[in-house]
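Chemist: With chain A's structure known, arrange chain B on it following the hints.
Each chain is listed here by its residues.
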Amino acid sequence: MSATTAHEGHHEEHPRGITRWLFTTNHKDIGSLYLWFSFIMFFVGGLFALVIRAELFQPGLQVVDPNFFNMMTTLHGLVMVFGAIMPAFVGLANWQIPMMIGAPDMALPRMNNWSFWILPFAGIMLLAPMFMGGNFEAGQGPAFGWTFYVPLSLQYDKLAFFVFAVHLLGISSIMGSINIIATILNMRAPGMTLMKMPLFVWTWLITAFLLIAVMPVLAGAVTMMLTDKYFGTSFFDAAGGGDPVLFQHVFWFFGHPEVYIMILPAFGVISQIIPTFARKKLFGYASMVYATASIAFLSFIVWAHHMFTVGMPVAGELFFMYATMLIAVPTGVKVFNWVSTMYKGSMTFETPMLFALAFVILFTIGGFSGLMLAIAPADFQYHDTYFVVAHFHYVLVTGALFAIMAGVYYWLPKWSGNMYSEKLGKLHFWLSVISVNVTFFPMHFTGLAGMPRRYSDYALQFTEFNQISSIGAFVFGFSQLIFLYLVVKTIRGGARATDKVWEGAEGLEWTLPSPAPYHSFATAPEVK
Amino acid sequence: MSASPLRPRALTGAAMLALASPLARADYRLNFQDPVTPVAREIYDLHMLILWICVAIGVVVFGVMIYSMVKHRKSRGAVPASFHENTRLEVVWTIIPFVILISMAIPATKALLALEDTSDADLTVRITGLQWKWKYEYDADGTPVSYISSLKPEHLQARQKGSGVDVREIDHYLLDVDNPLVLPVGKKVRFLVTSDDVIHSWWVPAFGTKKDAIPGFVNEAQTFIEKPGIYRGQCAELCGKDHAFMPIVVKAVPEAEYRTWLAQQKVAAQAAAAEASAEKVWSEAELVARGREIYTGKGGCFGCHGASGEGVATFPALAGSAVANGDAAKHLDTVIHGRPGTAMAAYGSQLNDLELAAVITYERRSWGNTGSVVQPADVKAAR
Numbered sequence: 001m002s003a004t005t006a007h008e009g010h011h012e013e014h015p016r017g018i019t020r021w022l023f024t025t026n027h028k029d030i031g032s033l034y035l036w037f038s039f040i041m042f043f044v045g046g047l048f049a050l051v052i053r054a055e056l057f058q059p060g061l062q063v064v065d066p067n068f069f070n071m072m073t074t075l076h077g078l079v080m081v082f083g084a085i086m087p088a089f090v091g092l093a094n095w096q097i098p099m100m101i102g103a104p105d106m107a108l109p110r111m112n113n114w115s116f117w118i119l120p121f122a123g124i125m126l127l128a129p130m131f132m133g134g135n136f137e138a139g140q141g142p143a144f145g146w147t148f149y150v151p152l153s154l155q156y157d158k159l160a161f162f163v164f165a166v167h168l169l170g171i172s173s174i175m176g177s178i179n180i181i182a183t184i185l186n187m188r189a190p191g192m193t194l195m196k197m198p199l200f201v202w203t204w205l206i207t208a209f210l211l212i213a214v215m216p217v218l219a220g221a222v223t224m225m226l227t228d229k230y231f232g233t234s235f236f237d238a239a240g241g242g243d244p245v246l247f248q249h250v251f252w253f254f255g256h257p258e259v260y261i262m263i264l265p266a267f268g269v270i271s272q273i274i275p276t277f278a279r280k281k282l283f284g285y286a287s288m289v290y291a292t293a294s295i296a297f298l299s300f301i302v303w304a305h306h307m308f309t310v311g312m313p314v315a316g317e318l319f320f321m322y323a324t325m326l327i328a329v330p331t332g333v334k335v336f337n338w339v340s341t342m343y344k345g346s347m348t349f350e351t352p353m354l355f356a357l358a359f360v361i362l363f364t365i366g367g368f369s370g371l372m373l374a375i376a377p378a379d380f381q382y383h384d385t386y387f388v389v390a391h392f393h394y395v396l397v398t399g400a401l402f403a404i405m406a407g408v409y410y411w412l413p414k415w416s417g418n419m420y421s422e423k424l425g426k427l428h429f430w431l432s433v434i435s436v437n438v439t440f441f442p443m444h445f446t447g448l449a450g451m452p453r454r455y456s457d458y459a460l461q462f463t464e465f466n467q468i469s470s471i472g473a474f475v476f477g478f479s480q481l482i483f484l485y486l487v488v489k490t491i492r493g494g495a496r497a498t499d500k501v502w503e504g505a506e507g508l509e510w511t512l513p514s515p516a517p518y519h520s521f522a523t524a525p526e527v528k
Numbered sequence: 001m002s003a004s005p006l007r008p009r010a011l012t013g014a015a016m017l018a019l020a021s022p023l024a025r026a027d028y029r030l031n032f033q034d035p036v037t038p039v040a041r042e043i044y045d046l047h048m049l050i051l052w053i054c055v056a057i058g059v060v061v062f063g064v065m066i067y068s069m070v071k072h073r074k075s076r077g078a079v080p081a082s083f084h085e086n087t088r089l090e091v092v093w094t095i096i097p098f099v100i101l102i103s104m105a106i107p108a109t110k111a112l113l114a115l116e117d118t119s120d121a122d123l124t125v126r127i128t129g130l131q132w133k134w135k136y137e138y139d140a141d142g143t144p145v146s147y148i149s150s151l152k153p154e155h156l157q158a159r160q161k162g163s164g165v166d167v168r169e170i171d172h173y174l175l176d177v178d179n180p181l182v183l184p185v186g187k188k189v190r191f192l193v194t195s196d197d198v199i200h201s202w203w204v205p206a207f208g209t210k211k212d213a214i215p216g217f218v219n220e221a222q223t224f225i226e227k228p229g230i231y232r233g234q235c236a237e238l239c240g241k242d243h244a245f246m247p248i249v250v251k252a253v254p255e256a257e258y259r260t261w262l263a264q265q266k267v268a269a270q271a272a273a274a275e276a277s278a279e280k281v282w283s284e285a286e287l288v289a290r291g292r293e294i295y296t297g298k299g300g301c302f303g304c305h306g307a308s309g310e311g312v313a314t315f316p317a318l319a320g321s322a323v324a325n326g327d328a329a330k331h332l333d334t335v336i337h338g339r340p341g342t343a344m345a346a347y348g349s350q351l352n353d354l355e356l357a358a359v360i361t362y363e364r365r366s367w368g369n370t371g372s373v374v375q376p377a378d379v380k381a382a383r
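Going down the list, the protein sequences come from chains A and B.
Start counting the first sequence at 1; every next residue gets the next number (the working numbering).
Start counting the second sequence at 1; every next residue gets the next number (the working numbering).
So here's chain B without its partners, still in its complex pose:
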């Protein structure tokens, strides 16, 4: 007898084991994550206060109701009373809730004012939401340092329907990125939050910081992280198909470590800018190699256009497409400026001239496409 009839049974067995595996029993929580900022702590305490007040009111009201359901039933011989109003009682139970509300409103006002106070910050970071990743920008003594933070590619591959990967094997599934946001501990950080396409929302529960990222507007938020650590958050405003797949990771480190890291980023940024802007003519092989990395990595193109350019769901294929095989101008315009009114974002603000030239060349020279090679100088001219 051949071995194949056994395999489906083995797979079912494995699936059942996976369901029962301890990895599935990851630390579930009943309440907020542990607060690591003053704001998060104030919110936690306020939340518990309101909760206990509500529980107390519930116990009283439901207590009377359940007592009544037990005692005042016809089957027990209860005879209905005839009262149907009592003005004094009604006034009392209108005023008491009003007073309770005021007692809640006072600490709530205090907490809100603290949360929204973005004054006297020690540093500012600009956060931009994109479909479907975050861009972080710092000012390193005059040199802009910016990078894209996307869901780790292994996670993106694992979560595809029918990937065959058991997501329970993945550490911090859906909560890990390639380039985390690095922040100093013990300093007030001001965030400038915006978006390049649709509304997103930047949220780190442990900080108690959430702010919508709105295209064309800049919102302010702030935090003051007390403890070093890795803090994870997620996008909190529906932004399209990969809304669940653009997490946030903040690496909070002591200030000295942060300064060292920023200095390294400054050097790297200057080097990358220099490399990309050199009037060098790159070979097709170099461009295609870099382009493949970007296509399957930080550019995220494969998510919509497919790992082999075949297109995914309603998003178009690049293999054999008119744009990738035809005049380079249309291709450059689409990638750099996006297609407004669709989910095709403007990558001109996310990738530099060299990266754009590389990924466009990769698309034009792969999967049987016979389009022309594109150089960084062409990208610069097309911006």
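Just chain A, with the same shape it has in the complex:
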């Protein structure tokens, strides 16, 4: 495979100063903006988590009032989902997709800028009510869970801020997804057929369709809340002929694909990293594509497994149980393919590979608890307990978040031109992987023993496991400062990175110099 590299070397004509960042239409700059935004939000959401774990260290209320606590759990979820995980994946997409397909930039660069710059305003809308009303301790922010079920959420007097924040987030995602689809379908280098694309590109293509399909549904849900509260409609009010459970159906029709939106790009990152460090091509490329597409399709028909206790007819419960269990099949195929890629490879264990291997093991554990939750009668005991909290933290933290970190370690030398310190990277990895398990594994037991979720205080028999979780959480939280330090240090300087960076790396981005030039592939490379 030959490629024409654009040697812009000495006269990189890109703008400087603050206007550079405000007006940039460059996919690399915008990728960096998304990644820094998500990193900041990760620490904000993490701070909320530490308030939660500080309060839950002992039974009784020591640190905050119950309403403030509920606000912390709500904002922790919203900030992590919409502020940290999703923008991080969009940041990886912006940086990597054009380079991976041999395109000079995204299809719609100005819209790309807008997609990012909406986010800080959405974040302000979401968090500002916390500081309103004079009594900070009382907690004026949203306190109804990240799933904001009605009628509880309709009791919130600053609902309009929340609704508009969600609208802004949705618009950002929809525009970003349109951009990604247009780029991937139209701007691939000649010779790169769909079935020759890197898997990261495939997973993002499919994720973008999921986003376009479901973000409008979320917008519909919050708009119906807005009109119910302020304009006299009764979509969700039985007295007016409506139904609070309608909200749950609409929300989860968005909500379930949403969690796949947060994991499919992760699958893509892992599928890039394992072949590189095993020095062996990805096993079963075609199956990986079909499995991803199957997971995406199935994600639309399982939503009510979040609602088994709501009073659904038995036929509905059975359907959703069977459909949910089915997702284990394509997901299993992916795990087997990653293991088969490693098998009889020649592995080395640099930091990206460590995170990727931890992903495979720990995400699979999260998948097992997911399968248990799918079993509807058993779910009656798990629902709304810490067992669910354990499940989704395994798939989101050791799943999505670890994949993001793996991707950052993997591609940072390409972006910055410098190698990160492998010693610090490994320290960050080992501290994180141990503390994350100390935090979340006991939650399986807490949930089985009967502790419900979103509880600001608990009965005495849950004390030990809560203490262990809290200690793990603080270690995990502070360990992320190592990652921050390392990223900043690497950008500023370090051992020079080669073009290929990793011995087993394959793909167009590794044919570019490190750091990648501001404008790359101005001329399309030829792909054989």
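Wrong hints could be hidden among the right ones.
Said to hold, decoys possible - With a cut-off of at most 25 Å between alpha-carbon atoms, the simulated BS3-like pairs for lysine-lysine come out as follows:
(1) A:K281 / B:K74
(2) A:K344 / B:K74
(3) A:K423 / A:K489
(4) A:K344 / B:K330
Bear in mind the hints are in silico, worked out from the structure with no lab data behind them.
Model, not experiment: these values are computed from the prediction.
Modeler: Just chain B, lined up with the frame of chain A:
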């Protein structure tokens, strides 16, 4: 030297002892509570089956992976193979999981059908979720018996931030109520579950019974308790600030004991109704005394409005408020019908005319308030 510098040290020492005390090592569990109903038992067995299957799959998959990480490493001189597909293998490892899933789905279907079968019940109890307590209603041969079940007041006081009470000293902390639900053993009980405000969820782990309480809708659930005993559960759907503070306690007793208890409740209900509906004019002192009990007890008003009417967090003060000092009509309307769109519930369905008159009068005549006295007849007219 004065004694006060020593006290902080003594308190720290006491706190450390409390942390280490055996009460903190209350019986922690790794698994579900012991099942006392057929449904709970079926769920427990199903859960263990799925768990062991998952463990087996994990051992196989992670086994291959760890073997590979050890043997197929560059540092051991491993040379990478070049295979990257094997259609037959892929078909096999798609079909085998599918078959495993079917083997799980069959017992799961059976258990679900049993759980949701509410037919042919021996008795029915109506459960209503409220912010933040439960209301239980029986039909005692035509006489409705209903009462509110709230977290025991000592627990509510102890859990306030800075209460100074060590919650570890409290028996069944957060799991005890003033009026438990009483049910007979060995009879199929049907529950009709609903809510008066937001979504709650009624859950008793030992029964395997959980059902959401949704305003405007009535859900059905059932249980068949095999053993007498006290069974404790909690609200399982976020319902606002005191979501963690509205537990469930079921006292399961032999059928004869249940019948006796129900008969006593019927008599008490008839007497209370008679007392409340009498066209008697009550003295301010009687109303204020009863009102104080309700305000700090079953009404739960102090939780939001403060023990001295001073207001808590974002909830309004009653001391010096316009409503408590002004025209009684607004005060009656707010307490009886609630304020829709806020957390102020409609207490008209929770308290009778006398109880409402008492608590409203207490609010209007305490903490320096100079509002009028309100009689049960006024409440009845305002409903």
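Chemist: Go through the numbered hints given earlier and state which of them the structure violates, listing their numbers in rising order.
Modeler: The structure breaks only hint 4.
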